[in-house]
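K.L.:
Start from the sequences, fold in the hints, and give me the full structure.
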Amino acid sequence: MTAPLLELRDLAKGFPVRDAIGRRRGAVRAVDGVSLAVPKGSVLAIVGESGCGKSTLGRLALRLIEPDSGQILFEGEDLRTLSPAALRARRRDMQLIFQDPFASLDPRMTVEQAVAEPLRLHRIVPRAQETQRVAELLSRVGLRPELARRWPHEFSGGQRQRIAIARALASQPKLIIGDEPVSALDVSVQAQVVNLLQDLIRELGLTFVLISHDLGVVRHIADRVAVMYLGRIVEEGATDAVFRTPRHPYTRALLAAVPGQGQGPAALLEGDIPSPIKPPSGCRFRTRCPHAQAICAEIPPPLAGAVHRAACHFQDSLPAAPAARETDAGGERLRRLQAYFTDQKQRTGELA
Amino acid sequence: MSATAASPAAPAAPPARGESPTRRAIRRFVRHRLALAGFIVVLAFVLVAALAPWIAPYDPIATSWSRIRKPPSELFWFGTDENGRDVLSRMIWGARASLMAGVISVLGAVLLGVPVGLLAGLAGGWVDAVISRIADAMLSIPFLILAIALAAFLGPALENAMLAIAITASPVFVRLSRGMALDAKSTDWVEAARSLGNPPWRTAFVHVLPNIVPPLLVQSTLSIAEAIIAEASLSFLGLGQQPPAPSWGSMLNSAQRFLETAPWLAIAPGAAIFVVVLAFNLMGDGLRDALDPRADRR
Numbered sequence: 001m002t003a004p005l006l007e008l009r010d011l012a013k014g015f016p017v018r019d020a021i022g023r024r025r026g027a028v029r030a031v032d033g034v035s036l037a038v039p040k041g042s043v044l045a046i047v048g049e050s051g052c053g054k055s056t057l058g059r060l061a062l063r064l065i066e067p068d069s070g071q072i073l074f075e076g077e078d079l080r081t082l083s084p085a086a087l088r089a090r091r092r093d094m095q096l097i098f099q100d101p102f103a104s105l106d107p108r109m110t111v112e113q114a115v116a117e118p119l120r121l122h123r124i125v126p127r128a129q130e131t132q133r134v135a136e137l138l139s140r141v142g143l144r145p146e147l148a149r150r151w152p153h154e155f156s157g158g159q160r161q162r163i164a165i166a167r168a169l170a171s172q173p174k175l176i177i178g179d180e181p182v183s184a185l186d187v188s189v190q191a192q193v194v195n196l197l198q199d200l201i202r203e204l205g206l207t208f209v210l211i212s213h214d215l216g217v218v219r220h221i222a223d224r225v226a227v228m229y230l231g232r233i234v235e236e237g238a239t240d241a242v243f244r245t246p247r248h249p250y251t252r253a254l255l256a257a258v259p260g261q262g263q264g265p266a267a268l269l270e271g272d273i274p275s276p277i278k279p280p281s282g283c284r285f286r287t288r289c290p291h292a293q294a295i296c297a298e299i300p301p302p303l304a305g306a307v308h309r310a311a312c313h314f315q316d317s318l319p320a321a322p323a324a325r326e327t328d329a330g331g332e333r334l335r336r337l338q339a340y341f342t343d344q345k346q347r348t349g350e351l352a
Numbered sequence: 001m002s003a004t005a006a007s008p009a010a011p012a013a014p015p016a017r018g019e020s021p022t023r024r025a026i027r028r029f030v031r032h033r034l035a036l037a038g039f040i041v042v043l044a045f046v047l048v049a050a051l052a053p054w055i056a057p058y059d060p061i062a063t064s065w066s067r068i069r070k071p072p073s074e075l076f077w078f079g080t081d082e083n084g085r086d087v088l089s090r091m092i093w094g095a096r097a098s099l100m101a102g103v104i105s106v107l108g109a110v111l112l113g114v115p116v117g118l119l120a121g122l123a124g125g126w127v128d129a130v131i132s133r134i135a136d137a138m139l140s141i142p143f144l145i146l147a148i149a150l151a152a153f154l155g156p157a158l159e160n161a162m163l164a165i166a167i168t169a170s171p172v173f174v175r176l177s178r179g180m181a182l183d184a185k186s187t188d189w190v191e192a193a194r195s196l197g198n199p200p201w202r203t204a205f206v207h208v209l210p211n212i213v214p215p216l217l218v219q220s221t222l223s224i225a226e227a228i229i230a231e232a233s234l235s236f237l238g239l240g241q242q243p244p245a246p247s248w249g250s251m252l253n254s255a256q257r258f259l260e261t262a263p264w265l266a267i268a269p270g271a272a273i274f275v276v277v278l279a280f281n282l283m284g285d286g287l288r289d290a291l292d293p294r295a296d297r298r
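Those protein sequences? They're chains C and A, same order as listed.
Reminder that position 98 of the first sequence reads as 98 in this note's numbering, one-by-one numbering, no gaps.
Reminder that position 75 of the second sequence reads as 75 in this note's numbering, one-by-one numbering, no gaps.
These are calculated hints, taken from the structure and not from any lab test.
A hint or two may mislead.
Claimed, not checked - To give an idea of the interface, some chain C residues facing chain A are shown, with a C-beta separation under 8 Å as derived from the structure:
no.	residue
1	F15
2	S42
3	D68
4	Q71
5	R88
6	R91
7	L105
8	P107
9	I124
All of these numbers come straight from a predicted model, not from anything done at the bench.
Positions of the beta carbon are idealized from the N, C-alpha and C atoms, including for glycine.
P.N.:
Structural data, given as structure tokens:
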């Protein structure tokens, strides 16, 4: 394995919870001791239910939110030790794609201004070549360069997400974090944007962190998967291994919840995700775990294992899970749509 | 099947340059009749004030014993005052004082209040707390009382009155821009600006400021109306425009002694203040409607 481009060490962040008159009443521990490595040129997916801290983790990794503790090593350098100015200069190498393309573009900037902004901030091309470069970027993401002078409100969600992707690519970053980059889009558009991301990752050799709850998309493009539950990583491994032989009961439940998976209701989780203000003692998943025993309330299980790690005391003794079927529903749907659009692309030339 | 699956009609070629938010607002403003009327009245008064030296029929400060308190006539459309000066000419020159006081003092209030408000909203923490408390304290004092106190402290002169009004009007802009900046701060596009590597000042002025211009513009027109009244009040009290230079407020002041014998002295400046203030308010309302983001969905 190549050296990690990004490595998180024991990262933690809590958001203070205040009562009506502003006194601190504990904290939501959104991210609680996460360690992860993203090798150069790989695609890591972070999956989990909403509220498990995956978006916070993405922002912590870029130091858009200040962590309470831990290290963010980007090319071996701890981002937390950088001065504000040095951090801004470093942002050239790491970009974020937001979930909601209707909110992530400044409504008072034309497409050209938005895409040119990183070029200007980091002095990537001389001003005279800006228009040219923006046109290249727009056609790279499948938009006609003539649209450069238009305003965001004139575009559809899919087109806006392409603009956001072009903006993220403008500074030629080494790392891109996609925070649910397709989940706000229509299903048909999702497939197109996933295709685009996949092409870009392959052709530009991007290192990509995909934050998502869509297991179909994840299985499709990720090399490795990290499963988060209540601010912690519960399982991490190669995509195939995690999907075929999940070692943590939570991962199994997630996979079972994919529609059309057909593992019966027994595998589905009951109850709600516990409050992150007062997480359960020991293993955080024990309140919903069908295999929980006394030890689970006492000792938090470490993330154990070499290549395929899981945080469960019984990961080696769990009854064999029915292996996730080769073609899970989400992936199948996506594949069909992608096949359709690839086909159409060949028939009609460039899309959009 | 293949016959019905014909490719959909190609959409009409879109113009190369889309409609900017600004242009769209102008289009909507022009369709708003009352607002347009307000705008035209304001424009007329601005022209009158700007062209005062050429269109005023008489010297506004030349006195004459032979024509004291003459009622309106063909020669003196609005009559003459207690010193024999032409009321129309004084009105025209007085428009300068009023409009300048309105526009310049609000401009000052914006230049003072908006950066401070942006700082408070975007920086947060104790900076925000200190700035907000000061603004709240100033807002708790009635507008005119504070303006009078400041003007009296600075000394009677039109410039000082304008400065006093600017300071008094600025907390509104601090508060407004702080609130808007707070809103903006929680949006993805401001976070995106940060993640692209924008320094804080650039985020504030290149991203946040252009997006909060609409409410600031509306507030400015409404504040100008208020400032015109404040200037008239200060001049009425002798704290603004100094005699013999004319101002609507000081004209009203000298007119009050002759309300029964020479009512035209009070009617003209009073009506002028009323019309200008109304026009600014109509314009402000129209701007608010034209710039309303909720009306975006066409």
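K.L.:
Could you run down the list of hints and mark each one as holding or not?
P.N.:
Against the structure, the hints come out as follows:
Given hint, C/F15 at the interface with chain A, is violated; its Cβ is 14 Å from that chain's nearest Cβ, farther than 8 Å. The criterion of a C-beta within 8 Å of any C-beta in chain A is not met by C/S42, whose closest approach is roughly 21 Å, and the hint is violated. Checking C/D68 against chain A: minimum C-beta separation of about 17 Å lies over 8 Å; hint violated. Against a cut-off of 8 Å between C-beta atoms, the interface hint on C/Q71 is violated, since the closest Cβ of chain A lies about 20 Å away.
For the restraint placing C/R88 at the interface with chain A, the shortest Cβ-Cβ distance is roughly 5 Å, inside the 8 Å limit, so the hint holds. For C/R91, the interface hint holds, the least distance from its beta-carbon to any beta-carbon of chain A being 4 Å, beneath 8 Å. Given the 8 Å rule on beta carbons, the hint for C/L105 holds: about 6 Å separates it from the nearest Cβ of chain A. Annotation: C/P107 was flagged as interfacial toward chain A, and the flag holds, the nearest CB pair being 7 Å apart, inside 8 Å.
For C/I124, the interface hint is violated, since its Cβ never comes within 8 Å of a Cβ in chain A; the closest pair sits about 11 Å apart.
In this structure, the earlier hints numbered 1, 2, 3, 4 and 9 are contradicted, and the remaining ones agree with it.
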